[in-house]
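> These are the residues of each chain, in order.
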Amino acid sequence: RIYPLMRVTLTTSDGASVTVSRQLTKHSGFIEKAITDMAVDDNAVPLSAVAVDVDDATLKLVIEWLTEHRDDALPYPEKTDEERRADDIPAWDQAFVQKWDTKEDQQQTLYAVITAADKLDIKGLLDMTCKTLANKINGKTVEEMREILQLECDFTEEELAEIRKENAWCEN
Amino acid sequence: VIDNILSLPDTFLRDVMKNVDLEDRLRIREVCRACERLVADTNAGFCGRGWIQLGDNKAYIKLGDLEINTSTSTEDKLDQILQFRKHLFSGVAFERFRILLDDNEYSLPFLFEFTDNFETEELFIKASSDSQLEMAVTLFDGFPRSKLGLSLDYCPDTDTLQSLPLMEHIEISFGSEAVSSDIFFNILTTHRNVHLELENAQLSSQDWDRAIQTISSDNRDRTVEFTANHASIVHWLSDNGIDQATREGSVRGEFHVDLNAKSDHRITMRYRNCWVAFYAFSWTESDRPSAMGISKHLDERYQRLFA
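These protein sequences, in sequence, are chains B and V.
Basically the working numbering = 1-based index in the first sequence + 151.
Basically the working numbering = 1-based index in the second sequence + 181.
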């Protein structure tokens, strides 16, 4: 039973408080469990605060996504490996992620949202960010991948040559 | 602040790796040591169709869009392929995986190890000898949740044929072997979709009647196809009142003749809940076998035949 007007206050890891509708928090397995565990009166307005291990800036992005997806079906449909595809990200979600691409720290923002979605157990957001990250990697050269993922090559020349020799079996 | 993909939650990274193409996994291996481990330790997800063909002088493997092709299949080379597979994923899923066996003594242990942690909706194996069929049955045991398919281009003994596990698809080319009606009906009643090349089977009109009745009364949605002796088919059709002169739209017993075309050598009929088709059929040319299909499922091919 979810009351559309019922609200819950979230306290962030950097001390901020945000009050949101239960219509949004129902998509978070973590928050819903916290509310259930508190065994509070569902009619209390607002509900007691739920502490979330997410900073204020990231939580604002999560709430923006939840607001757009407030009417999504629950439980989130589990997909088999066969049904899984990375090219079906809704247009609004693509634009939502694109906004960060203009920022220097866009990769950190994406990682922060992924970590928040994982901590708050928001399956739809995890699925979307998972596809976003896979799409960033798919079709890229090794150098481009290193740049996108901000990773340094720590192989010796000999190790790298060995990997390339194995991979070459697939190139004929 | 997380600034490194490798610090993301493990379950999340596993999901990302299921959304990455196999060809991209090859390149991710080269990024850094941690990425090489990530590729090796994660499932590659769904890759469509897969295929392994082993032969005296080759090993050809196709996993989705990725091909591994070597000109030798020595024990050393197969070991190297196994190592490579372990470096590329921990598991993978397919819609259909097909294996063409050979008699190499290393084939079975290689295939066991290569397909470890594979999931496939259907596993289809082609065998050409008793030892290969034994390998196929052993491999089938490792895929209890998959639909099974088997293609035999030789004729095993009766006991072996009757002990086969339930097949979603079975194709048997009996060649010049005589096939008893007992064997014929055992295959027909056990397996779901059946394709038999029976040029030398001595089946009577009563046998064909029983065959079509068996399929019609089976509650499974299925298709069976035969390549059979021309005289035996023509005799059966004649016994049911169907011949070269039968007009389209005629009803003969429980057969409704839809098409009796001389131009494209096609006859199509309905029998109870079955669609029956003869393709490349000639009433007069008796020197080539006749191909017949009986289907309870109007798939794309049968829709075209009955169009």
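Since the hints were derived computationally from the structure, they do not count as laboratory data.
Source: prediction; values computed, not measured.
Hints should not be assumed to be uniformly reliable.
The calculated SDA-like cross-link candidates involving lysine to any residue, where the alpha carbons are at most 25 Å apart (straight line), are [to be verified]: (1) V/477 x V/466; (2) B/250 x V/321; (3) B/230 x V/451; (4) B/291 x V/265; (5) B/274 x V/185; (6) B/287 x B/190; (7) V/258 x B/291; (8) B/287 x V/258; (9) B/291 x V/266; (10) V/477 x V/446; (11) V/243 x B/215; (12) B/291 x V/321; (13) V/258 x B/274; (14) V/267 x B/274; (15) V/477 x V/465; (16) V/267 x V/245; (17) V/258 x B/183; (18) B/287 x V/213; (19) V/243 x V/332; (20) V/239 x V/213; (21) V/267 x B/215.
> Are the hints correct? Go through all of them and say.
Going down the list of hints, with the structure as the test:
| no. | hint | verdict |
| --- | --- | --- |
| 1 | V/477 x V/466 | violated (29 Å) |
| 2 | B/250 x V/321 | violated (51 Å) |
| 3 | B/230 x V/451 | violated (40 Å) |
| 4 | B/291 x V/265 | holds (21 Å) |
| 5 | B/274 x V/185 | holds (22 Å) |
| 6 | B/287 x B/190 | violated (43 Å) |
| 7 | V/258 x B/291 | violated (30 Å) |
| 8 | B/287 x V/258 | violated (35 Å) |
| 9 | B/291 x V/266 | holds (22 Å) |
| 10 | V/477 x V/446 | holds (22 Å) |
| 11 | V/243 x B/215 | violated (44 Å) |
| 12 | B/291 x V/321 | violated (38 Å) |
| 13 | V/258 x B/274 | violated (43 Å) |
| 14 | V/267 x B/274 | violated (30 Å) |
| 15 | V/477 x V/465 | violated (29 Å) |
| 16 | V/267 x V/245 | holds (17 Å) |
| 17 | V/258 x B/183 | violated (54 Å) |
| 18 | B/287 x V/213 | holds (17 Å) |
| 19 | V/243 x V/332 | holds (19 Å) |
| 20 | V/239 x V/213 | violated (32 Å) |
| 21 | V/267 x B/215 | violated (42 Å) |
The structure fails to meet hints 1, 2, 3, 6, 7, 8, 11, 12, 13, 14, 15, 17, 20, 21 from the earlier list, while all remaining hints are met.
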